[in-house]
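Peer 1: So you can see what is in the structure, the chains are spelled out below.
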Amino acid sequence: MAKSVSAGTPAQNGVKKKKSKTNKRLTLFVLPFIVLCFLFSYFPLHGWIYAFYDYKPPLSLSQCDFVGLQWFKMLFGNKTQVAQMVQVLKNTFAMSLLGIATSMLPMLFAIFLNEIKCKWFKNLVQTLTTLPNFISWVLVYSVAFCLFSNTGMVNTVLQNLDLIEQPLKFLDSDSHTWLSMLLWNTWKGLGWGAIMYLASIAGIDPELYEAARVDGANRFQLMRHITFPELLPTYFVLLMMSVANFLNNGMDQYYVFQNSFNKEHIQVLDLYVYNIGMTGSSLSLATAISMLKSLISVTLLIIVNVVSKKTRGESII
Amino acid sequence: MEANTKKKKKRYSGSDVSFNIVNYLVFGLFTLICVYPFYYLIINTLSANDLSANGMINFLPKDLHLENYKQVLQLSGLGTAALVSLGRTVIGTVCTVLASAFLGFMFTQEKMWGRKFLYRFMVVTMYFNAGLIPMFITMKTLHLTNTFWVYVIPAIVQPFNIILVKTYVESIPRALQEAAEIDGAGIMRIFVKIILPACTPIMATVAIFSAVGQWNSFQDTLIYITDQKLYSLQYLLYTYINQANSLAAMVKNNAGSAMNMAALATQQTPTSIRMTVSVIVVLPILFVYPMFQRFFVKGIMIGSVKG
Numbered sequence: 000m001a002k003s004v005s006a007g008t009p010a011q012n013g014v015k016k017k018k019s020k021t022n023k024r025l026t027l028f029v030l031p032f033i034v035l036c037f038l039f040s041y042f043p044l045h046g047w048i049y050a051f052y053d054y055k056p057p058l059s060l061s062q063c064d065f066v067g068l069q070w071f072k073m074l075f076g077n078k079t080q081v082a083q084m085v086q087v088l089k090n091t092f093a094m095s096l097l098g099i100a101t102s103m104l105p106m107l108f109a110i111f112l113n114e115i116k117c118k119w120f121k122n123l124v125q126t127l128t129t130l131p132n133f134i135s136w137v138l139v140y141s142v143a144f145c146l147f148s149n150t151g152m153v154n155t156v157l158q159n160l161d162l163i164e165q166p167l168k169f170l171d172s173d174s175h176t177w178l179s180m181l182l183w184n185t186w187k188g189l190g191w192g193a194i195m196y197l198a199s200i201a202g203i204d205p206e207l208y209e210a211a212r213v214d215g216a217n218r219f220q221l222m223r224h225i226t227f228p229e230l231l232p233t234y235f236v237l238l239m240m241s242v243a244n245f246l247n248n249g250m251d252q253y254y255v256f257q258n259s260f261n262k263e264h265i266q267v268l269d270l271y272v273y274n275i276g277m278t279g280s281s282l283s284l285a286t287a288i289s290m291l292k293s294l295i296s297v298t299l300l301i302i303v304n305v306v307s308k309k310t311r312g313e314s315i316i
Numbered sequence: 000m001e002a003n004t005k006k007k008k009k010r011y012s013g014s015d016v017s018f019n020i021v022n023y024l025v026f027g028l029f030t031l032i033c034v035y036p037f038y039y040l041i042i043n044t045l046s047a048n049d050l051s052a053n054g055m056i057n058f059l060p061k062d063l064h065l066e067n068y069k070q071v072l073q074l075s076g077l078g079t080a081a082l083v084s085l086g087r088t089v090i091g092t093v094c095t096v097l098a099s100a101f102l103g104f105m106f107t108q109e110k111m112w113g114r115k116f117l118y119r120f121m122v123v124t125m126y127f128n129a130g131l132i133p134m135f136i137t138m139k140t141l142h143l144t145n146t147f148w149v150y151v152i153p154a155i156v157q158p159f160n161i162i163l164v165k166t167y168v169e170s171i172p173r174a175l176q177e178a179a180e181i182d183g184a185g186i187m188r189i190f191v192k193i194i195l196p197a198c199t200p201i202m203a204t205v206a207i208f209s210a211v212g213q214w215n216s217f218q219d220t221l222i223y224i225t226d227q228k229l230y231s232l233q234y235l236l237y238t239y240i241n242q243a244n245s246l247a248a249m250v251k252n253n254a255g256s257a258m259n260m261a262a263l264a265t266q267q268t269p270t271s272i273r274m275t276v277s278v279i280v281v282l283p284i285l286f287v288y289p290m291f292q293r294f295f296v297k298g299i300m301i302g303s304v305k306g
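Chains as they are written, first to last, in numbering that gives the first Met the number 0: chain V, 0 to 316; chain C, 0 to 306.
You may find that some hints are simply not true.
What the hints assert, rightly or not - With a straight-line Cα cutoff of 20 Å, these simulated SDA-like cross-link-like pairs (lysine to any residue) come out:
1. Lys192/C <-> Leu97/C
2. Lys121/V <-> Thr30/C
3. Lys116/V <-> Asp15/C
4. Lys118/V <-> Phe29/C
5. Lys262/V <-> Ala93/V
6. Lys187/V <-> Asn244/V
7. Lys121/V <-> Ile32/C
8. Lys115/C <-> Pro158/C
9. Lys23/V <-> Gly113/C
10. Lys139/C <-> Asp226/C
11. Lys308/V <-> Tyr234/V
12. Lys72/V <-> Phe51/V
13. Lys116/V <-> Leu24/C
14. Lys121/V <-> Val296/C
15. Lys110/C <-> Leu175/C
16. Lys139/C <-> Asp53/V
17. Lys118/V <-> Leu28/C
18. Lys139/C <-> Phe42/V
19. Lys78/V <-> Glu263/V
20. Lys297/C <-> Tyr234/V
21. Lys262/V <-> Ser174/V
22. Lys23/V <-> Arg188/C
23. Lys187/V <-> Tyr35/C
24. Lys139/C <-> His45/V
25. Lys118/V <-> Val16/C
26. Lys115/C <-> Thr166/C
27. Lys121/V <-> Ala198/V
28. Lys115/C <-> Leu35/V
29. Lys139/C <-> Ser61/V
30. Lys121/V <-> Tyr288/C
31. Lys118/V <-> Leu31/C
32. Lys116/V <-> Leu127/V
33. Lys262/V <-> Ser280/V
34. Lys23/V <-> Met187/C
35. Lys69/C <-> Ala47/C
36. Lys89/V <-> Phe260/V
37. Lys228/C <-> Thr146/C
38. Lys72/V <-> Ala82/V
39. Lys55/V <-> Thr278/V
Note that these hints are calculated values from the structure, not bench results.
The structure presented is a predicted model; accordingly, all values stated were derived computationally and were not measured.
Given the sequences, and given the hints that come with them, work out the whole structure.
Peer 2: Here's what the structure looks like:
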């Protein structure tokens, strides 16, 4: 091995010539994967033309009427449609804004966890609190059901203690839907969200702390004036990503928790598209909505990226 | 110096101690909240069903038995669903890991024709998606709906994983590859003999993320699959929750036929079925996660440097 390395320099010219011939062959190796990437990421974009047709599933597209911008006009013109859209957008904005409002939590979690000096306890907390992140939303719902349904643990215990007579309706009611969704989200994601901050804390130069201690700073001042500002750049990157994903709440969480009681306040855009597209009949309308959503999301991402470049001198994508 | 700081700490003890107590308590409490639901599920599936139904099992299991598991494992559909979930997890993960490793390696080859363009072509796909309905139509056009492969093929090329591997390969000394080239090794040989062994840590990270993703995936069954034989465990669990739900409702509404309905489903109570299936679905994660935690942490760190 070592011999061939040392022999490498004189032979390199010959090798290079050979390489410039083979370089298209290398591309051929990658080509099947490029095709896959095209098929599942670019090719689906052709589906957007369905937004301009009145598509009725068993028929083929050519048998359906071309309706131009009818669906888009309906989104902004039809009264019941507008009312529905406003409610859906309210839910989407509420979930995203609540998410952004609580986006400091993982950072605080990390800062305070870092103050725990007992190593095994710290590791235990870190391992166990990240666990919920790795179970699916279906399982979260199953857990929620076992604990909070009418016959669930909380209601049974409260009834056995004679604290309540009727079971409390945690899941099948529309009160505090946004809040409960936020809480489940926090339960699932807080520990995992803190991991990146914990790693960043480990990377802070110990001399900073040392210097501050020499100047007489106490523990809380260290947290406030060193750890916190050192983590802010990471926080801003993540914050900007969540702004860029403002419209993308995902649908799993809301799908599993939705029922006929809370439907009004749980339908975020992603779920709404599913509900009217796959279970309802307006495939074309759903396509129109998701098309607008995709376009707005990409625009948001570009704007956020430009802002990031201007303010921090660094792009996020 | 260290002795000095230690001494200082002791001097602060007043506010320090109370802060420590509160801090430990808050973290202890949150950890409990994270773990207790799983513990609750497990002890209830192992305890006598009548006690469990009356809410007597909250902290310690009583009258241990495995009947729930024996009965639930005989439920029709569960075996197939477990096979589907296992199959997609294994096959999907192997495909993704190999493809990510190969592509991540290839995109470090400066001699490749069109490298920069092709790399961007792939990475850009992280930032947009066509949406649910166009994806559905695409899968239909490609005849992937209601096949097992809909779980695997679309997941093969994952830009994020490719970035992870590429960053890692770039940190491997270039001399290794050059030496092999001079010895006359072709690109595939270099990949198999040099890059793959050197990349095991990052491949483990990709594998573990992909495996958890495959195991937990729910949406693709919901959208692309109507054939019951292809249901994944997650989806089956979801249908069980809802079925058991309606069963319970029927039991309440109609006491006469209640026995009948319950006997038809299984001899278990709806709650016990739900909980037992949940435990079966969550068990692999509970086992795998603590062992591989460091890979997860590494994955998110490398990702954040890049991303």
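Peer 1: Could you check the structure against the hints above and give me the numbers of any it violates, in ascending order?
Peer 2: Hint check: nothing fails, all pass.
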